[in-house]
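Counting with our numbering, you get residues 1 to 149 for the letters of the sequence shown.
Nothing false has been slipped in among the hints.
Distance ranges between label pairs, derived from CB positions: (1) I9 with S117: 46 to 54 Å; (2) A37 with I7: 38 to 46 Å; (3) V27 with S117: 33 to 41 Å; (4) D76 with L43: 13 to 21 Å; (5) A83 with I9: 38 to 46 Å; (6) D76 with D96: 19 to 27 Å; (7) K3 with E124: 57 to 65 Å; (8) S77 with S117: 21 to 29 Å; (9) I5 with D86: 44 to 52 Å; (10) I9 with Y75: 46 to 54 Å; (11) I5 with A83: 42 to 50 Å; (12) V49 with A83: 12 to 20 Å.
Derived by calculation from the structure, the hints in this document are not laboratory data.
For each residue, glycine too, the CB sits at the ideal point set by N, CA and C.
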Amino acid sequence: MKKNIKIIIAVIIAVALIFFVIIKPQVAKSYYKKGKALADSSLTDSALVYFNKALAWRSNYTAALYQRANIYLKYDSLKLALADCDKAVKINKNFDGIYLLRGEVLYKLKEYSKALSDLTKSIEKNFNLPMSHTLRGMTYFALAKNDSA
Numbered sequence: 001m002k003k004n005i006k007i008i009i010a011v012i013i014a015v016a017l018i019f020f021v022i023i024k025p026q027v028a029k030s031y032y033k034k035g036k037a038l039a040d041s042s043l044t045d046s047a048l049v050y051f052n053k054a055l056a057w058r059s060n061y062t063a064a065l066y067q068r069a070n071i072y073l074k075y076d077s078l079k080l081a082l083a084d085c086d087k088a089v090k091i092n093k094n095f096d097g098i099y100l101l102r103g104e105v106l107y108k109l110k111e112y113s114k115a116l117s118d119l120t121k122s123i124e125k126n127f128n129l130p131m132s133h134t135l136r137g138m139t140y141f142a143l144a145k146n147d148s149a
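Using the sequences and the accompanying hints, generate a full structural model.
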């Protein structure tokens with residue numbers, strides 16, 4: 001009897017592990033892909049719903065955090081955008097474009113010194129992003145460092 005209970009418990013644990021290791025990330029990915037397609041079609045309200053669903057399934061989904069932060073930036077929900085950027089950086093500091101996005105959010109929040117730091121990191125990671133250079137120049141100007149702009 002005890003042996004049967006142990007086997008049943010082992011099977012339940014195995015099924016749960018399969019769900020969380022294999023199925024859960026796939027569900028999050030499908031929500032992300034749908035959200036990305038909607039965002040690319042400028043249907044940001046609907047895209048936001050799908051990015052939220054992806055993050056409900058996988059809270060450390062860097063790409064979904066990045067995309068949601070982009071939408072929050074468009075809606076001028078700067079604190080929410082910054083929170084998503086900060087979380088994305090903590091998860092993956094090498095995520096492509098995250099420092100440019102966070103730099104833009106910080107610039108709009110008038111946190112120019114922090115913006116300058118992120119925009120410099122963005123340029124160091126990918127020199128060929130013109131927006132990083134433009135925004136960094138604008139940030140120098142906002143800091144009254146016109147000779148650096």
